[in-house]
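Participant: Residue numbers (UniProt numbering), protein chains in the order written: chain A, 1 to 450; chain B, 1 to 487.
Treat the hints with care, since some could be wrong.
In silico DSS-like pairs for lysine-lysine, Cα to Cα no more than 25 Å straight-line [stated by the list, open to error]:
#: 1; chain 1: A; residue 1: K45; chain 2: B; residue 2: K307
#: 2; chain 1: A; residue 1: K154; chain 2: A; residue 2: K200
#: 3; chain 1: A; residue 1: K400; chain 2: A; residue 2: K434
#: 4; chain 1: A; residue 1: K353; chain 2: A; residue 2: K393
#: 5; chain 1: A; residue 1: K179; chain 2: B; residue 2: K296
#: 6; chain 1: A; residue 1: K63; chain 2: A; residue 2: K291
#: 7; chain 1: A; residue 1: K393; chain 2: A; residue 2: K405
#: 8; chain 1: A; residue 1: K324; chain 2: A; residue 2: K179
#: 9; chain 1: A; residue 1: K157; chain 2: A; residue 2: K287
#: 10; chain 1: B; residue 1: K191; chain 2: A; residue 2: K324
#: 11; chain 1: A; residue 1: K173; chain 2: B; residue 2: K296
#: 12; chain 1: B; residue 1: K434; chain 2: A; residue 2: K19
#: 13; chain 1: A; residue 1: K324; chain 2: A; residue 2: K287
#: 14; chain 1: B; residue 1: K195; chain 2: B; residue 2: K391
#: 15; chain 1: A; residue 1: K19; chain 2: B; residue 2: K296
#: 16; chain 1: A; residue 1: K287; chain 2: A; residue 2: K235
#: 17; chain 1: A; residue 1: K235; chain 2: A; residue 2: K200
#: 18; chain 1: B; residue 1: K307; chain 2: A; residue 2: K179
#: 19; chain 1: B; residue 1: K43; chain 2: A; residue 2: K353
#: 20; chain 1: A; residue 1: K157; chain 2: A; residue 2: K179
#: 21; chain 1: A; residue 1: K291; chain 2: B; residue 2: K186
#: 22; chain 1: B; residue 1: K389; chain 2: A; residue 2: K35
#: 23; chain 1: A; residue 1: K59; chain 2: B; residue 2: K307
#: 24; chain 1: B; residue 1: K14; chain 2: A; residue 2: K353
#: 25; chain 1: A; residue 1: K324; chain 2: A; residue 2: K63
#: 26; chain 1: B; residue 1: K478; chain 2: A; residue 2: K324
#: 27; chain 1: A; residue 1: K45; chain 2: B; residue 2: K350
#: 28; chain 1: A; residue 1: K23; chain 2: B; residue 2: K296
#: 29; chain 1: A; residue 1: K179; chain 2: B; residue 2: K389
#: 30; chain 1: B; residue 1: K204; chain 2: B; residue 2: K191
#: 31; chain 1: B; residue 1: K478; chain 2: A; residue 2: K291
#: 32; chain 1: A; residue 1: K286; chain 2: B; residue 2: K43
#: 33; chain 1: A; residue 1: K45; chain 2: A; residue 2: K23
#: 34; chain 1: A; residue 1: K287; chain 2: B; residue 2: K350
#: 35; chain 1: B; residue 1: K186; chain 2: A; residue 2: K173
#: 36; chain 1: B; residue 1: K205; chain 2: A; residue 2: K324
#: 37; chain 1: B; residue 1: K389; chain 2: A; residue 2: K19
#: 38; chain 1: A; residue 1: K189; chain 2: A; residue 2: K157
#: 39; chain 1: A; residue 1: K349; chain 2: B; residue 2: K14
What the hints contain is simulated information worked out from the structure, not anything from laboratory work. Note that the structure is a prediction, hence the values are computed from the model and not measured.
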Amino acid sequence: MDFRYLPVTETDKAEMLEKIGAKSTDELFSDIPEKVRLGRELQLKKPTSEYELKQELTKMAAKNANLTEYTSFLGAGVYDHFIPSVVDHVISRQEFYTSYTPYQPEMTQGELQAMFEFQTMISEITAMPIVNSSLYDGGTAVVEAVNLSAGQTKKKKILISSAVHPEHRQLVKTAAKGKDLEVVELDLKDGRTDLDHLEKEHDEDTAAVIVQYPNFLGQIEPLEKINEIVEKQPKSMFVVSSNPLALGYLTPPGEFGADIVVGDTQVFGIPAQFGGPHCGYFATTKKLMRKVPGRFVGETVDEDGQRGFVLVLQTREQHIRREKATSNITSNQALNAVASSAAMSALGKNGVKEMSELNMQKARYTKNQLAEANLSAAFSGAYFNEIVVKLSKPVSEVNKKLFEKGFVGGFDLGRVYPEFENHMLIATTEIRSKEEIDAFVKEMGDINNG
Amino acid sequence: MANENFPLIFERSKEGRNGYNLPALDVPEVNLEEEVGESYVRKVQPNLPEVDELELMRHYTGLSNRNFGILSGFYPLGSCTMKYNPVINEDVVRLPGFSHIHPYQDTSTIQGALEMMYDLQVHLEEITGMDEITLQPAAGSQGEWTALMIFKAFHEANGESHRNEVIVPDSAHGTNPSSAAVAGFKVVEVKSNNKGLVDVEDLKKVVNENTAALMLTNPNTLGLFETQIAEMSEIVHEAGGKMYYDGANLNAIMGYTRPGDMGFDAVHLNLHKTFTGPHGGGGPGSGPIGVTEELKPFLPKPVVTEKDGVYDFDYDLPQSIGMVKTYYGNFGINVRAYTYIRTLGAEGLKKVSESAVLNANYIMRGVEDRYELPFTQHCKHEFVISGNKQKKQGVTTLDIAKRLMDFDIHPPTVYFPLIVDEALMIEPTETESKETLDHFIDTMNQIADETENNQDIIHSAPHKTSVKRLDETRASRKPVLRWNAEA
């Protein structure tokens, strides 16, 4: 078999071994003791030619029902949005996708500037002054907010709303075991955080209060009221996990007194791709700047006084601080941050607002039409682009029938909220046309009443 | 004379321009403000740029021209495995059946995705010698942390929750001690000996009844194989601890030995290193971990299962440490790694390691006359030299790094590992030709010459980059982390 990624020829090998002073390449591996050697060949599928492999993987991919063929009303944290063509052309440039973390700034100004622009855009959207250059995803960003809060306040109690994404709550619980933190999940009331429960639990041991805005059920949490409660304990941190697209229309958490705002920029230019990679963001106040996990890019000048960018505040990081670092995070999601930046640049000041409003308008149309088909929304509060409806039968059964008609139905809330058995979480984004919504509503009505 | 600043996208903005068309509003419009309430309606719009599509593309093309990728030139960044990122990977991951699928679709509608994950796991199990792989961790450091949390759960399940110490060599990657700390362990350091290997006598001293695990990369960060690995495993196991393999350096040993053969109990892999992720300018990566049979019950959930050719997720794992990353990990990176492994097979992967080691030794012998080589035995896929000789003459390792840029070479990793002064850590990878290696050797030796007779050209380097040396101290003292309109 020929290997097109391996350029060393037999002649090269002979010349190189001579220079090294070794008889064979085996000699270079002679330091591996016999008793730990594999002693056989690896048992893997055979090497595959480019053509055959592409055929095989194309077929494998085709076994998946994809969102370009099916009309999706599934959201629950991952959304099917319009991705401008510019995005993929930008991130397909090898200088972006093959490069390493920009530790040599003179050679990597492009990446550094792109990160600086990303930080600025997220700062604008969230109305928070300090933003890092991205984290793995929205869920791990919540975990990092918890870690920062616990470290900063030296307190152990974490109050997290049950209306925060269920998987994000699970990540927090997993991580809490490492840090020995107590996680209290706040009850729901009409699809939002129960503020009475929050008031009751919020005490001098509380490190952080975490809510999602809009929350997992689509509802818009009353951040103003929540902040009033959080402020009663001056030390505890107010953490808001926020879909940045919603902030094109909604007042940003930074204006409601949030200490930390996190979320995922998947809504801007990143395909669903089975849940990852997406792109977490982390925004906070100036006071907490030096405690923030991950990387920052800062502006500076070169020897000639020309503007340039470098990684800054690296003394917080593990490659210097080792066990005393603020976090063990090494990589960020630079390439996806570039993708989101390109999408945010294309949309610009007006487009983000327009797209946000389109989501809201279309979601309201879906809600109203479903109500006419006897499928009323479960909650009465204000919402962004997702609604909850109660069905007369199991969601999985309804989804199976919807799938036969070319739809990917909504999220089965009963999977994670026992009290919401037979409840479906339905997302409507800007790319759903009236025609598609009408067809979906008709099928929903027929299946539910059938 | 200074060049003009390359504009920020915000500085290209002009009111009234736009780079988008959204679908039209085709449903009856309702009053949103009435429903949401006035105080929840955003008053000041985010100051995002207003640019047309050409301006946007010129901006990002301009930025990319001010960046350096693997296709731009040689990138011997030690520990990072900057090998060629095959373009077929990029085609495969963009197939709509991989890129446009939702994590909460019914599993019957995403059998291809599950099949890929399952088969990738099977391949990685064989490559590492582990009994089960999870693809969930987003990156190597998250993999480290996940495995440590598994060790913690394992020890607790055995009534040994007092085991709170993790042993880490002084040559280890900084992530190792940091992950251990985040997982709630106390870090204990074990020294290296004068051969650059873990001092086994010192290991015996630090191991005790509180030992939870030893974290090790093999070959280590000096590019040297820990020849006493079997003894080390025995010492740690005898004390009741677990062995953790940091897979950052797996590129050196594929098909020769496996972490499982060396006695490791858990392993992480950096799919963006060894298996052509790619690196993306800092991420996304992917850091699956593998574990032995006895640790399987503690793996993060869900795990992928297969029965009679039907794939599914299993969430029913009562002893699981829980979820560590949303959904199922960085699927898009895993698709690329799978494509790479299937291209090469066992035969190709072994050749990868053979060539990676050959290339590193060839460079090492080509520069050892002019640079201090602290450890002289054959290396594996990378090696570390010291710039001590040059420093005595007034040229630091940082200077050497900047001078390399003039030759379209990305500098090696510098000042790491910490146990070598003025370190330059060089990892050529297997995808580079002998001609490229010769160019690098000649350049390094030319810089050694210049250190003796033309230092100015080194101190004033880099000469060809878009900016000169940057004031990093100023940047960190008063950080400017975003653009401001009024500035």
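Participant: The structure should be examined with respect to each hint, and the outcome stated for every one.
Facilitator: Hint check results:
1. A:K45 / B:K307: 20 Å, holds
2. A:K154 / A:K200: Cα-Cα ~21 Å, so holds.
3. A:K400 / A:K434: 23 Å, holds
4. A:K353 / A:K393: Since the Cα atoms of K353 (chain A) and K393 (chain A) sit roughly 37 Å apart, the hinted pair is violated (cutoff 25 Å).
5. A:K179 / B:K296: Holds. K179 (chain A) to K296 (chain B) sits at ~23 Å (cutoff 25 Å).
6. A:K63 / A:K291: Measuring from Cα to Cα gives roughly 45 Å; hence the hint is violated.
7. A:K393 / A:K405: 18 Å, holds
8. A:K324 / A:K179: 14 Å, holds
9. A:K157 / A:K287: Given pair K157 (chain A), K287 (chain A) holds - Cα atoms ~21 Å apart, limit 25 Å.
10. B:K191 / A:K324: 19 Å, holds
11. A:K173 / B:K296: 20 Å, holds
12. B:K434 / A:K19: Cα-Cα ~12 Å, so holds.
13. A:K324 / A:K287: 20 Å, holds
14. B:K195 / B:K391: Holds. K195 (chain B) to K391 (chain B) sits at ~23 Å (cutoff 25 Å).
15. A:K19 / B:K296: Violated, at about 47 Å.
16. A:K287 / A:K235: Holds - the C-alpha atoms of K235 (chain A) and K287 (chain A) are around 13 Å apart, at most 25 Å.
17. A:K235 / A:K200: 17 Å, holds
18. B:K307 / A:K179: 38 Å, violated
19. B:K43 / A:K353: 11 Å, holds
20. A:K157 / A:K179: Holds - the C-alpha atoms of K179 (chain A) and K157 (chain A) are around 11 Å apart, at most 25 Å.
21. A:K291 / B:K186: Holds, because 21 Å separates the two Cα atoms, which is no more than 25 Å.
22. B:K389 / A:K35: Distance ~39 Å between K389 (chain B) and K35 (chain A) Cα, so the pair is violated.
23. A:K59 / B:K307: Satisfied, since the Cα-Cα distance of roughly 20 Å is no more than 25 Å.
24. B:K14 / A:K353: It holds: about 17 Å lies between the C-alpha atoms, which stays within 25 Å.
25. A:K324 / A:K63: Distance of about 47 Å is beyond 25 Å: violated.
26. B:K478 / A:K324: 23 Å, holds
27. A:K45 / B:K350: It holds: about 14 Å lies between the C-alpha atoms, which stays within 25 Å.
28. A:K23 / B:K296: Since the Cα atoms of K23 (chain A) and K296 (chain B) sit roughly 43 Å apart, the hinted pair is violated (cutoff 25 Å).
29. A:K179 / B:K389: 45 Å, violated
30. B:K204 / B:K191: 11 Å, holds
31. B:K478 / A:K291: Distance ~15 Å between K478 (chain B) and K291 (chain A) Cα, so the pair holds.
32. A:K286 / B:K43: Holds - the C-alpha atoms of K43 (chain B) and K286 (chain A) are around 23 Å apart, at most 25 Å.
33. A:K45 / A:K23: The hint is violated at about 31 Å.
34. A:K287 / B:K350: Not OK: K287 (chain A) and K350 (chain B) at ~51 Å, beyond 25 Å, violated.
35. B:K186 / A:K173: 21 Å, holds
36. B:K205 / A:K324: 24 Å, holds
37. B:K389 / A:K19: 23 Å, holds
38. A:K189 / A:K157: 22 Å, holds
39. A:K349 / B:K14: Answer holds: K349 (chain A) to K14 (chain B) is near 11 Å, not above 25 Å.
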